[in-house]
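So the sequences go chain by chain: V and F. Sequential numbering of the first sequence, starting at 0, is according to numbering that gives the first Met the number 0. Sequential numbering of the second sequence, starting at 0, is according to numbering that gives the first Met the number 0.
Among the clues, some could well be false.
Unchecked claim - Between beta-carbon pairs, the in silico distance windows are:
| no. | chain 1 | residue 1 | chain 2 | residue 2 | range |
| --- | --- | --- | --- | --- | --- |
| 1 | V | R29 | F | L95 | 28 to 34 Å |
| 2 | F | N78 | V | D30 | 28 to 34 Å |
| 3 | F | V201 | V | V89 | 46 to 52 Å |
| 4 | F | V99 | V | E4 | 45 to 51 Å |
| 5 | V | T23 | F | V201 | 54 to 60 Å |
| 6 | F | W93 | V | R29 | 41 to 47 Å |
| 7 | V | E4 | F | A289 | 43 to 49 Å |
| 8 | V | D30 | F | L226 | 50 to 56 Å |
| 9 | F | I228 | V | R29 | 32 to 38 Å |
No wet-lab data here; the hints were simulated from the structure. Quantities reported herein were computed from a predicted structural model and do not represent experimental measurements. Glycine is no exception: its CB is placed at the ideal position from the N, C-alpha and C atoms.
Letter by letter, the chains look like this.
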Amino acid sequence: MQRVEILVEPKSESHVGWFVHLFTWNAERRDLIAHRLKLKSQTGGKFTLASEASLPEGTYGLRLHVIESGNKASITVVTKPPISYPPTAVWPMTVEVPAQFTQDSDTWFIEHGEEG
Amino acid sequence: MKFSDILHAGSFLVIAVSIISSNQVANAQTLRGSDAVEEGPPAPSDRFDTITRGFSTSIDISEKEAKASASMGGVLTANQDMTRGDQKQDAFFWKLGVDVPIGGTTDLLDPKLDVLDTQASVTGSLTWKSYSSSLSDLSDRRFDPYVPAAMKVCQEQKKSDCDAYSRVPSSVFVQDHLPEVHRHLSSSVYDPFYAVSLKGGVGVKEFDYTLPGAFTDREDTKVSYSLAIAGVYYPSDTVSAWKLEAEYGSTYEAAEEGIVCRTVVADPTTDCKSAIPSAPTSKETLVARAEYRRFFFLSHVDKGIGVAPTASIDLLSGDIGLELPVFYKVGSKSPVLPGIMIGYTKDSSKPGDKDEDVTVAFFIKTSFSFE
Numbered sequence: 000m001q002r003v004e005i006l007v008e009p010k011s012e013s014h015v016g017w018f019v020h021l022f023t024w025n026a027e028r029r030d031l032i033a034h035r036l037k038l039k040s041q042t043g044g045k046f047t048l049a050s051e052a053s054l055p056e057g058t059y060g061l062r063l064h065v066i067e068s069g070n071k072a073s074i075t076v077v078t079k080p081p082i083s084y085p086p087t088a089v090w091p092m093t094v095e096v097p098a099q100f101t102q103d104s105d106t107w108f109i110e111h112g113e114e115g
Numbered sequence: 000m001k002f003s004d005i006l007h008a009g010s011f012l013v014i015a016v017s018i019i020s021s022n023q024v025a026n027a028q029t030l031r032g033s034d035a036v037e038e039g040p041p042a043p044s045d046r047f048d049t050i051t052r053g054f055s056t057s058i059d060i061s062e063k064e065a066k067a068s069a070s071m072g073g074v075l076t077a078n079q080d081m082t083r084g085d086q087k088q089d090a091f092f093w094k095l096g097v098d099v100p101i102g103g104t105t106d107l108l109d110p111k112l113d114v115l116d117t118q119a120s121v122t123g124s125l126t127w128k129s130y131s132s133s134l135s136d137l138s139d140r141r142f143d144p145y146v147p148a149a150m151k152v153c154q155e156q157k158k159s160d161c162d163a164y165s166r167v168p169s170s171v172f173v174q175d176h177l178p179e180v181h182r183h184l185s186s187s188v189y190d191p192f193y194a195v196s197l198k199g200g201v202g203v204k205e206f207d208y209t210l211p212g213a214f215t216d217r218e219d220t221k222v223s224y225s226l227a228i229a230g231v232y233y234p235s236d237t238v239s240a241w242k243l244e245a246e247y248g249s250t251y252e253a254a255e256e257g258i259v260c261r262t263v264v265a266d267p268t269t270d271c272k273s274a275i276p277s278a279p280t281s282k283e284t285l286v287a288r289a290e291y292r293r294f295f296f297l298s299h300v301d302k303g304i305g306v307a308p309t310a311s312i313d314l315l316s317g318d319i320g321l322e323l324p325v326f327y328k329v330g331s332k333s334p335v336l337p338g339i340m341i342g343y344t345k346d347s348s349k350p351g352d353k354d355e356d357v358t359v360a361f362f363i364k365t366s367f368s369f370e
C-alpha cells in the first residue's frame with residue numbers, strides 16, 4: 000500500500016488547462032472508482048500530484064486530459080510502474096492538442112506496486 | 000468581384016511564396032517567433048486570441064496590409080476542484096499586446112470592422128475560462144458496438160494486445176484504434192468549456208492631408224480606442240467554437256481622396272494634385288460580431304477542412320463585414336496547408352454604387368486553429 004505520485008509537466012507551466020484522473024476499473028462489472036488526487040508540490044512549472052490515500056497493489060487507470068488547441072502536458076508516475084495498456088507505451092504519457100481540435104486525452108493502465 | 004481584387008490576391012500569393020522560401024517555419028500569413036510557447040500556428044487574423052500564456056510574436060501579411068504583433072500573457076488566478084470523478088478549473092488570464100503596421104495601405108473596411116486594424120496599437124485583455132473533466136465515457140455503452148471494428152483494425156495493423164478490449168473500457172480501446180469514431184462520440188467523453196473576455200485597445204494613426212487653397216500639407220495624429228466584451232463557447236464535439244462579441248470603438252476616418260488645387264490655378268500640373276482635402280473626422284462604432292469555427296475531418300482526424308466564417312455589423316453606421324477563410328489540412332506533417340479567404344464589406348460612407356467590396360486571398364501555408 001502506497002500513494003500514487005504523478006509528476007505533471009505542462010507546457011504552460013501553470014495548473015490550468017489539464018486534468019489528471021486516477022481510477023480503478025472493473026471490466027466485468029464496469030465499476031468505476033475515481034481516486035482523489037491532491038497537489039503535493041509545485042516547483043518551476045512542474046507539479047506533483049499524489050493520491051489522497053495509500054492504494055493497494057493492482058491495476059489502475061490513468062488519464063491525462065488537456066484542453067485548448069496547442070496546449071500540451073506530460074505525466075509520469077514517479078515510481079515508473081509497468082504499463083499494462085497500451086502495451087508499447089513508455090513514460091512519460093504526453094498529450095498535445097492538435098490545432099484542429101479543442102481538447103484531447105489519453106488513458107493508460109498501470110500496475111501499481113510493481114517495479115518499473 | 001473586381002478583377003483588380005483577384006490580381007491583388009495573386010500578388011499576395013507571390014509575396015507569401017517568397018517569404019516561405021526564406022524561412023522554414025514561415026507561415027504565409029504568420030511568421031511566429033521562437034518564443035511562442037502557448038499558441039500553435041494561428042489562423043489568419045488571430046481572432047480567438049483569448050488563449051494567452053507566455054510570449055509570442057508574429058507578422059501577419061494579408062492581401063491589403065502587413066502587421067507585426069507581439070503579445071505576452073499569463074494566469075492571474077486559478078482555482079482547481081479535483082473531486083473524485085468530475086474535476087473543474089476556472090482561471091483568469093491576462094494579456095498585453097502590441098500591433099504595428101509595417102506596410103501596405105488600404106481604404107477598404109476591415110472585414111471584421113476592427114477600428115484599430117490599421118493602426119499602431121496597444122491592447123490589454125482579461126479573460127475568464129472555465130474547464131471541466133470527467134470519466135463518464137468509461138461506462139458509456141455507446142462505444143461498445145465499435146469494439147469489433149477496433150479489434151479488426153488492431154489485428155490488421157499487427158499490433159500486440161488486440162484482446163485488451165476485454166480488460167479496458169470500450170472508449171479507451173476505440174480511441175486507440177478508431178480515433179475518428181472516438182471523435183464522433185467525443186460529446187460523451189469531453190465537457191464543453193467557456194471563455195469570457197474583456198478587451199481594450201488604444202491606437203495611434205497619422206493622417207496626411209492637403210488644405211485646398213493654401214495648398215499646404217498637414218499631418219494630424221489621432222488617438223483611437225476600442226472596448227470589447229466577448230464570449231466563446233467550445234462545444235464538447237472538440238471540433239467547433241462559437242464566439243459572440245460586442246465592441247465599441249472611437250476612431251478617425253480619412254476623407255476621400257480628391258483633386259486639391261491652389262486658390263489660383265495657373266498651371267494645373269503644378270497647382271493641383273491628388274490628395275486628401277480635409278482633416279480626418281471622428282467616428283464611433285458599435286460592432287456586433289459573430290464567429291463560428293469548425294473543422295471537418297475527412298478520412299482521418301489529421302486530414303480535413305476548416306472554416307471560420309465571421310459576420311460583423313456596425314449598429315451605428317450600418318457597415319457590414321463578412322469573412323470566410325477555408326483551410327485544407329492535408330495531414331499532420333504536411334508542409335503544405337492551402338486555403339482561401341473571401342472577404343466582403345459594405346461601407347455605408349461610400350456612394351451606393353461603390354459601397355461594396357469583395358476580396359479574395361489565397362494562402363499556401365497556414366493552419367486552422369481554435370486559438
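If any of the earlier hints don't hold here, list their numbers in rising order.
As far as the earlier hints go, 1, 9 are violated by this structure, in ascending order.
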